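Asks: Fit chain E to the given chain F structure using the hints.
Number of protein chains: 2
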Amino acid sequence: MNELSKLCIHTITTKPWSIEEAARNYSASGVKGITVWRNALAGRNIRQTSQMLREHDLSIVSLCRGGFFPNSDPAKRNLALDDNRKAIEEATELGTKLIVMVCGADPSQSLEDSRKQIQDGIAALIPEASAAGIKLAIEPLHPMYADSRSAINTLAQANDMTEALNSPWVGVAVDVYHLWWDPNLENEIARCGKNNALLAFHVCDWKTPTTDFLNDRGLMGEGCIPIRKIRSWVESAGFNGFNEVEIFSTEYWKEDQSEFLQKIIKAYKQFV
Amino acid sequence: MNELSKLCIHTITTKPWSIEEAARNYSASGVKGITVWRNALAGRNIRQTSQMLREHDLSIVSLCRGGFFPNSDPAKRNLALDDNRKAIEEATELGTKLIVMVCGADPSQSLEDSRKQIQDGIAALIPEASAAGIKLAIEPLHPMYADSRSAINTLAQANDMTEALNSPWVGVAVDVYHLWWDPNLENEIARCGKNNALLAFHVCDWKTPTTDFLNDRGLMGEGCIPIRKIRSWVESAGFNGFNEVEIFSTEYWKEDQSEFLQKIIKAYKQFV
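First to last, the sequence lines map onto chains F and E.
For what it's worth, full-length UniProt numbering labels the leading residue of the first sequence as 1, then goes sequentially.
For what it's worth, full-length UniProt numbering labels the leading residue of the second sequence as 1, then goes sequentially.
Just chain F, same shape as in the assembly (with noise of 0.2 angstroms):
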C-alpha cells in the first residue's frame, strides 16, 4: 500500500468543481499536490488563487498545459506562440515550475512540418522558460491523436526533440495511458532519466473496450495498464516527482465527485 504523499491530482480529473472546491477536498483526503489546467483558472486573480492552494498544503506540480504549436498559417503558429507566452506568466504567478505541452497536430500538413514547428515553436519559448525558471515538459500523446492533438507520439520521439534542443528547461512527460503499448517504453524511460528530462508522470488505465477517443479513460485498476511496473520504470530512472492522476471520463464526471474522490484514493493506493 502507498502512502499519499506523492498523490497529485489533475483539475480537470475532478471537473465538475471549482478550483477552490477542488483544493478545499483534495486537501481534507489528504492529496498533497494538484495539477492546474488553465480553464480552471478563468476569471480569476491567479496569485490569490496560488496563495489559496498552498492554504490548502498543495504542492502546485505543474500547469497543463502549453503547446499547440503547428499549423499551416505562419499567423497562426504566432498565436500559438503568444499563447505559450501567456501560460508561462500563468505558470509564473500561479507559482509552478512545470507547463506540460501537448504539442499539436496540424491533418492538413505532413507530420513532419508538424513535428518541425513543434520543435521551431518550443526553441523559440526556451529564453522566456529560462528567465521564468520554468520548464517545459513535452507530453507524447497516443498515436491515435497524431491527426488533432500532437504529433509526438512515442517518448522516442519526445526525447529525440529534447535532445535536439538541448537545454535544461526542456524534457518529457511520460503519461501510461498514451505510451503504456510501447515495446521501446522502459528503455525511453531510462533514456530521459539520464538526461534528467523526466519531468513528470501521469496514470490512469486503459479500459477495454474504450468507447471515446477523448474522455473514456480509466480509474487505475479498471484496465490493462501495468501503471506499477512502468512507475517502477520511471522512479528506476531517477524521478522521484508526484505521481499525478489525469482521467477524463464523461462517466466519472457525471458521479458524485466526492464519492469519485475516494475510488481514486483507493484505486491510488492499491495500483500505483
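Think of the hints as simulated: they come from the structure by calculation, not from any bench.
Treat the hints with care, as some may be off.
Claimed, not checked - DEER-style ranges, computed between Cβ atoms:
1. Asn184/F <-> Lys269/E: 32 to 40 angstroms
2. Lys254/E <-> Ser72/F: 28 to 36 angstroms
3. Pro16/E <-> Ala124/F: 34 to 42 angstroms
4. Arg47/F <-> Ser232/E: 49 to 57 angstroms
5. Pro226/E <-> Ala124/F: 44 to 52 angstroms
6. Arg24/E <-> Gln270/F: 53 to 61 angstroms
Here the structure is a predicted model, which is why all the values come from computation and not from measurement.
All C-beta atoms in this analysis are idealised placements derived from N, C-alpha and C, irrespective of residue type, glycine included.
Replies: Relative to the frame of chain F, chain E by itself:
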C-alpha cells in the same frame, strides 16, 4: 491517374453485398483483385466460390484473417491454433497464397506474454503453411488496438518477429491506417522489402475527427494519411502486388454499395 490493374477490394469493404454480388460488381467496374474475409464464405462451397471469382477474372489476393493467438488459457490458445489451421485449409480451397494475420491481444495478461504467444502461435503454423504453399502476413495494428486486437503495434515489431521466425512463409502486411503516424515507417518498409517479407499493402484514410474505434475509416483522400507517399515507399522496397482497399465504415455500409464502389474507384485513381 492510376490504372485499376492493381486495385483489390476487401469483401468487408462492401459488407452489405454477398461475395457473389461483390464479385459481379467489382468485375463489372474493372477491379482486378479481391481479398476474401472468412465470414463471406459462410455456408458456401469454397472451391465453387473460388471458381466463381476466377470466372469474374478476379485475382484472389488473400484470405482475411487468421491470428488471435494470445490467451491466458492454454486450451483457448490451442483452439486458436486449430482455427488458424482451418484458415490454411480454407485458403487452399480458395486458391489464394496469403493469409493476413490479425495477431490478437489479451488485456488480462502482459503485452510481453501476448507477444510471445503470438510468435509461438505463428511458429507452430509454419509447417502447415509451408506444406500448403501459403504465406502468413503479420499485420501490425494501430496502438489503439493493443488491448483487444493485436499486441503487434508497429512495423518494427512485425519485422522483428518475422526475422526471429526466419521462414520464407512469414512476412508482414502494411496497412496505412495502422502505421501512418510512425516516424520510422519509411525505414521499416525498406527493411521488410530487403527481407522479401513485404506481402500486402492495405489502404484507406484516417478522418479528423474519427468517431468510432473500429468502423469509422475514411475513403482515400478524406483524411490525413499520405497514401501516395507510403505507396511510393512500398514500391521502392520492391513490392509490386495489389493495393487493397479495406474500409470498415458504418456510414458507407449504409449507402448504396454500387455508388460506394464508384467512389472507391474514383478515390483510388486520385489518391492511391
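Asks: Confirm or reject each hint.
Replies: Okay, the hints, checked on the actual structure:
| no. | hint | in the structure |
| --- | --- | --- |
| 1 | Asn184/F <-> Lys269/E: 32 to 40 angstroms | holds, 39 angstroms |
| 2 | Lys254/E <-> Ser72/F: 28 to 36 angstroms | holds, 33 angstroms |
| 3 | Pro16/E <-> Ala124/F: 34 to 42 angstroms | violated, 52 angstroms |
| 4 | Arg47/F <-> Ser232/E: 49 to 57 angstroms | holds, 55 angstroms |
| 5 | Pro226/E <-> Ala124/F: 44 to 52 angstroms | violated, 27 angstroms |
| 6 | Arg24/E <-> Gln270/F: 53 to 61 angstroms | holds, 58 angstroms |
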